[in-house]
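Got chain A; can you put chain B with the ligands on it based on the hints?
Spelled out, the chains give:
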Amino acid sequence: MEPIIFTSGLKKTFRIGKVDVPALRGVDLVVQEGEFAGIVGPSGCGKSTLLHVLGGLTPPTSGKVLVDGNDFSSMSDGDRTRFRRHKIGFVFQRFNLLPTLTARNNIAIAQHIQGNGFNPHRFQAIVEMLGIQDKLNHKPYALSGGEQQRVAIARAVICEPKILLADEPTGNLDSENSQIALNMLRGLNRSFRQTILMITHNPDAAAVADRVLRMRDGRMLLD
Amino acid sequence: MDTKMVIANLLHRPARTIISILAVGLEVGMVLLVVGMTTGMLNETSKRIEGVGADILVQPPGSSFLLGVTNAPMPIKIGDLLGQRVPHVLHVVPVLVMFNVSGGVNLVFGINLEQFKEVTGGFAYHAGGPFTGPNDILVDDLYARGNHLSVGKTVNLFNRSFRVAGIVEHGKGARLFIPLVTAEELSGTQDKASIFFVKCTDPGYIDDVVDGIRQVLPKYEVRSIPEYTSLYTSNNLPALDSFIAAMISVALGIGFLVIFLSMYTTITERTREIGILKSLGASKTYIMEVILREAGILCLVGILAGEAGTVVVRRLFETYFPTLYILLTPQWELYAALLAVAGALLGAAYPALRAASLDPVDALAYE
Ligand SMILES: Nc1ncnc2c1ncn2[C@@H]1O[C@H](COP(=O)(O)OP(=O)(O)OP(=O)(O)O)[C@@H](O)[C@H]1O
Ligand SMILES: [Mg+2]
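From first to last, the protein sequence lines stand for chains A and B.
Here the first sequence is numbered in the working numbering, starting from 1 and rising by one per residue.
Here the second sequence is numbered in the working numbering, starting from 1 and rising by one per residue.
In short, the hints are calculated from the structure, not lab data.
Hints are not guaranteed to be accurate.
Said to hold, decoys possible - The list that follows gives simulated cross-link-like pairs (lysine to aspartate or glutamate, EDC-like), each with its CA atoms no further than 16 Å apart:
#1 A:Lys64 <-> A:Glu2
#2 B:Lys117 <-> B:Glu169
#3 B:Lys284 <-> A:Asp77
#4 B:Lys284 <-> B:Asp359
#5 A:Lys11 <-> A:Asp28
#6 B:Lys284 <-> A:Asp79
As the list claims (entries may be wrong) - Simulated restraints, written as ranges between beta carbons of each label pair:
#7 A:Leu222 <-> B:Leu261: 51 to 61 Å
#8 B:Thr3 <-> A:Asn119: 11 to 21 Å
#9 A:Gly78 <-> B:Val250: 36 to 46 Å
#10 B:Tyr366 <-> A:Arg211: 28 to 38 Å
#11 A:Ser73 <-> B:Leu353: 19 to 29 Å
#12 A:Asp134 <-> B:Val250: 33 to 43 Å
#13 A:Gly78 <-> B:Thr3: 23 to 33 Å
#14 B:Tyr366 <-> A:Asp204: 50 to 60 Å
We treat Cβ as the ideally placed atom computed from N, Cα and C, and that holds for glycine.
Looking at chain B on its own, in the form it has when it is part of the complex:
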């Protein structure tokens, strides 16, 4: 019965109802997109590192786990040393990681194709083929799709024009690959690498090899790939964590304010109706329930709109920005919904209390 009244009231003010629903949807969508994009990006990056096929990653002392953030490369000779000194090491592959920020943030791997093939098993080419000169570049299929690239086209990186030599299947470390010598030249170093990918003779030896490398290179960051990729969570990135928290707060604030305003307007507009309910003997709880239920319905429909909207946005991203991956998890879909409910409850609480405590005679006399 009171649900009928609540729905009738919502339908009575369609514009306000729609705006409130959109605001809650925006709140939910914002949370899901911010979290989905950041975790999606981290997830996807860590998957690509896994996809290289190495067992162990070695970084110079004091490096951030984020590739390309610190750029104090180590001599490639160290790699040879590892191969000689540490038992069960099959291959050591140097990569000079560069960080390209023009036109999106991208890791660029400076690699020696033959060596890189030793751990990865080689690229699967969608089109074109390996580097033929120092200014050749390989891009992965998603980057190519997102940037409308095909073999023979030009890509500008680090103030240099590269010719797309090949388009490779994504998932092997970076999206962009240039010859190691070119990367060295661009970063003004020689025979240096920022990471080593290490492949063991047998996966059973991974722990032994990690220990062995640590003995040879005491201060270096040496991690098995699973250990390394487990670092890819926002918890390990305080700035990102704060960014997510800030965005969630903003989203919560939007939901709270809009529901507050909407319900506040509602009770002001319906003061006399509240008086009528009171004259019929409706208790404070009854009145509060009516208001909270109205906010609840707005919130529920808003949550559905937000979650549906996010799925649509993700589809659009997949089509137009294939390199930006949005990860939607049921867990965060639930969190976003709970957050919206919390915002709506907070927003509706004061209007509900205010409505409940209206003086019935004054309310009935309200014009």
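Extracted from the complex, chain A is given alone in its bound form:
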């Protein structure tokens, strides 16, 4: 079966003034559909950058990137935006909820942006699974970190993305809330075969994943 994520020789170089900063130096990665993969590695090794490239937030500098059959080398900015809109869900360390909207509207806006309208069944199922029914009318400032992250996870998966990309989702949570969030991700992976790629510094988190990928200096380490 064709892998949902395939990269080979993926490079990403940032240019700061006149200096080139290589963040990814040739990443070879294969992730199968339905897999829950963790990514670990020292700070600055390029984990976030890899997620940004895979999610289409930023174009690769060179190398081959195929995500769900989309070849990034031939995609414009607009193409990547469309791709992201329909196939990717992001979860961030800092939750990144829209501060002026209620939890409900934070979730609904993802459906609105996707353009397929509000799907009440999906909404209900996700909200119940994440246990945030009672918090839907709260704005982010009135939610605990753990609740905010659960709303963020709901927002990320409400449109049934092909891939959930999570960048240190437990990084701002205490251990109890970390465990809850990880269980949610695990649950999503189990019940919906949600493909998840999750960056983490947390050994507990890594343990939840099916497989742990190690990165160093912009490359994957072979096990």
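Quick look at chain B with the ligands alone, frame taken from chain A:
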């Protein structure tokens, strides 16, 4: 959905929202008041000329249509000549027009009451009565109200004290009337008039009489009253037209700058939120729409505030400055609104484009 977000954002910064709305309101109000006051004044003046009840107006050669602007009077004898030489002329009434600029700009008609009555049918007195001496003055009811005058009070004009002899219903040429002899004395002339009001024996003869007067007085400005009053538009007053254009530009500039600044601040402050929307897959168009919609709401509420404010200002003017008439037309209310929309769109365009073209990763990392 995004409307909810737009409104939530506007409510999140109430002070900025209110200031922006007020600025747009100011823009709209400025346009409406400047245009309303100038057209109102012109309109009202031309109505008063109509209200005299004459059929034709005769001015000396080379006169501006604006009464009192040129002051090279013609001999009153000419008037008698017209009555004798031109058929179908019923009355010729001389008026010496003076221009008073102390305490507001006002036309003063120097008239002979009996003659003036021939065309106007006479004044309707609210109080008092006709001139009894050379230093008597008649003022109209609006001028009296605006200047808190009553019969017997004194009005100073042209370095002379006039006694208010009567307060008359407005609408007959000028707001202030003094005896013709006094006006002549004040302007150092004798038996001269700056305009003639001509009344025909029958309105059907107006065109014939205009032609007849032109034959007798070839170089004189001779116009039927409708023709004359049709000149009262800002198009015929280049200076006024430029003034209106300048004020409209200033208003547009205010709207543009405030919306620009407001939206620019907004996108700077919400850079990360824009990054979040982008991470959710929002297109450039989507982001631009959100920003433009926010500006649009500010603009719409501002327009309503401006139009409502103008109505209030007009009410206040009616009460406190009854002689200043503000004309609000639906046409200009629409123009002012369109102008505000244009200013807001221009002002929001750059911030919207800038927001749309933000790099999503940078935006997400923005503190
Ligand atoms: N927008 C950028 N411009 C310039 N350099 C960048 C940019 N983003 C990342 N880098 C650089 O690329 C390298 C990899 O950064 P990245 O954020 O991917 O690391 P990371 O593995 O996620 O680290 P951490 O665990 O601390 O989050 C770093 O050296 C970083 O300084
Ligand atoms: Mg990182």
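Status of the hints after comparison with the structure:
1. The hinted pair formed by Lys64 (chain A) and Glu2 (chain A) meets the criterion: a straight-line CA distance of about 15 Å does not exceed 16 Å.
2. Distance check on the hinted pair: Lys117 (chain B) and Glu169 (chain B) sit about 14 Å apart at the alpha-carbon level, within 16 Å; holds.
3. Taking the CA atoms of Lys284 (chain B) and Asp77 (chain A), the gap is about 10 Å. The hint holds against a cut of 16 Å.
4. Between Lys284 (chain B) and Asp359 (chain B), the direct Cα distance comes to roughly 11 Å. Compliance with the 16 Å bound is thereby established for this hinted pair.
5. The suggested pairing of Lys11 (chain A) with Asp28 (chain A) holds, with an alpha-carbon distance near 10 Å, which does not exceed 16 Å.
6. Restraint check for Lys284 (chain B) and Asp79 (chain A): satisfied, since their Cα atoms lie roughly 12 Å apart, inside the 16 Å limit.
7. A beta carbon spacing of about 55 Å between Leu222 (chain A) and Leu261 (chain B) agrees with the range 51 to 61 Å that was offered as a hint.
8. Look at Thr3 (chain B) against Asn119 (chain A): about 20 Å separates their beta carbons, and that is inside 11 to 21 Å.
9. Distance hint check for Gly78 (chain A) and Val250 (chain B): the Cβ-Cβ separation is about 40 Å, which falls inside the suggested range of 36 to 46 Å.
10. Between Tyr366 (chain B) and Arg211 (chain A) the beta carbon distance is about 33 Å. The supplied range of 28 to 38 Å therefore holds.
11. Taken as a hint, the range 19 to 29 Å holds for the pair Ser73 (chain A) and Leu353 (chain B), whose Cβ atoms sit roughly 28 Å apart.
12. Here the CB-CB span from Asp134 (chain A) to Val250 (chain B) is close to 54 Å, at odds with the stated 33 to 43 Å.
13. A hinted range of 23 to 33 Å holds for the C-beta pair Gly78 (chain A) and Thr3 (chain B), which are about 24 Å apart.
14. As the Cβ distance of Tyr366 (chain B) to Asp204 (chain A) is approximately 30 Å, the hint placing it in 50 to 60 Å is violated.
Consistency note: the structure conflicts with the earlier hints numbered 12 and 14.
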